[in-house]
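S.K.: Sequence:
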Amino acid sequence: MKTTYYENRKIKETHFIADICFDYYSERLRADDYRGNVTLFAEWLEEESQKNNFHKIIVKSKVDDVSYWQELGYVNEGEFKGYFNGGSAFAMCKYLKKERRNSEYWVDEDRILSDVIKIPKGATNLPLPSNYLLRMADIQDAMSLAELYGEVFEVYPTPMNDAEYVRKMIESGTLFCVIEHEKRIISAASADVNETYNNAEITDCATTPEHRKFGLMKHLIDQLEKELFQRNIYCSYSIARALSFGMNAVFHQKSYVYKGRLANNCKIFDKYEDMNIWVKDLSV
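The sequence shown begins at 144 in the working numbering and counts up one residue at a time.
In case anyone wonders, no lab produced these hints; they're calculated from the structure.
Be aware that a few hints might be false.
As the list claims (entries may be wrong) - Cβ pair distances, simulated, as ranges: (1) 180 to 365: 40 to 48 Å; (2) 150 to 210: 42 to 50 Å; (3) 180 to 398: 52 to 60 Å; (4) 269 to 210: 22 to 30 Å; (5) 272 to 153: 17 to 25 Å; (6) 276 to 158: 49 to 57 Å; (7) 266 to 218: 20 to 28 Å; (8) 216 to 250: 31 to 39 Å; (9) 207 to 296: 19 to 27 Å; (10) 150 to 240: 19 to 27 Å; (11) 314 to 261: 25 to 33 Å; (12) 265 to 216: 25 to 33 Å; (13) 180 to 274: 23 to 31 Å; (14) 218 to 180: 33 to 41 Å.
As the list claims (entries may be wrong) - For lysine to aspartate or glutamate, the following EDC-like pairs were computed, each having C-alpha atoms within a straight-line distance of at most 20 Å: (15) 361 to 413; (16) 224 to 251; (17) 241 to 189; (18) 205 to 424; (19) 237 to 258; (20) 237 to 247; (21) 410 to 258; (22) 203 to 189; (23) 410 to 242; (24) 241 to 297.
Every residue, glycine too, gets a C-beta built ideally from N, C-alpha and C.
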């Protein structure tokens, strides 16, 4: 029996419409877009969360609505600058369980972030070794990508170890960039493109342990950014595990700007993880 990780739904009610992600795996409800009556929409969000035993609600709010969400008890956890065709989206969050709200590692993550910010931006990439091949992926790579993600991540918030799931992602427009070594994919990253609002999330970053010393992820991100720029997509963002010095350092060095932290946001490895928001304007 397959696990249903998440379900995207378009909600149409009398007083509001919304694009909602029911994230069963990470026990949260996420509103990626909405318009209409904020108060009635907030009531609906809480009712649906309680029905599904979700512990966190995330609303991507336009700037004019931030104060409404704050009045309803939501906390602003960060900004996705440029998300809505150049306008910012603010991560307005509400918790339905105190255990989900309290972060055990917050102070440690502050220290990691402080160390990351001290690193100079714009560091030159290490040259890609001659026996490594950088290229964009296609549908034929779905099985190899699934094997890579299955090897790197024991637990992950989406079923990236399922070749059919990866194939559907590629068919739906998600861009994957890979690096091969001896005809085997040993590093990969993706850009999940939102064609409605012209933004993209850099995500699914993975490198097998024995190949991590060459700074491969920087090459992958550079190539994905070039692909996005050619498509006139200028808002590039990512959310990185706040406990990971390496990935946060990569985004900082690639001139992404830290824009907040999502507490206990999603289930990775053995627990809920706090995630740092990093955003870059590719038009600059």
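S.K.: Note whether the CB distance of residue 265 and residue 216 lies within 25 to 33 Å or breaks it.
M.R.: Violated, at about 40 Å.
S.K.: When you check the alpha-carbon spacing of residue 410 and residue 242, does it fall within 20 Å?
M.R.: Distance ~14 Å between residue 410 and residue 242 Cα, so the pair holds.
S.K.: Confirm or reject the claim that residue 150 and residue 240 have a C-beta distance inside 19 to 27 Å.
M.R.: Holds - the Cβ-Cβ distance for residue 150 and residue 240, about 21 Å, lies within 19 to 27 Å.
S.K.: Quick one, are residue 361 and residue 413 close enough, alpha carbons at most 20 Å?
M.R.: Violated, at roughly 27 Å.
S.K.: Regarding the pair residue 203 and residue 189, is the alpha-carbon distance no greater than 20 Å?
M.R.: 15 Å, holds
S.K.: Go ahead and decide if the range 20 to 28 Å is satisfied by the Cβ distance of residue 266 to residue 218.
M.R.: For residue 218 against residue 266, whose Cβ atoms are near 34 Å apart, the range 20 to 28 Å is violated.
S.K.: Given the hinted pair residue 224 and residue 251, is their Cα-Cα distance within 20 Å?
M.R.: The given pair, whose Cα atoms are some 26 Å apart, is violated under the 20 Å limit.
S.K.: Within a Cα-Cα threshold of 20 Å, do residue 241 and residue 297 meet the stated pairing?
M.R.: With Cα atoms ~27 Å apart, residue 241 and residue 297 exceed 20 Å; violated.
S.K.: 42 to 50 Å was suggested as the range; check whether the CB atoms of residue 150 and residue 210 agree with it.
M.R.: 31 Å, violated
S.K.: CA of residue 241 to CA of residue 189, is that 20 Å or under?
M.R.: 15 Å, holds
S.K.: Can the suggested window of 22 to 30 Å be confirmed for the beta-carbon pair residue 269 and residue 210?
M.R.: 46 Å, violated
S.K.: Cβ-Cβ distance between residue 207 and residue 296: within 19 to 27 Å?
M.R.: 38 Å, violated
Hint check: violations occur at hints 2, 3, 4, 5, 7, 8, 9, 11, 12, 13, 14, 15, 16, 19, 21, 24; the rest are consistent with the structure.
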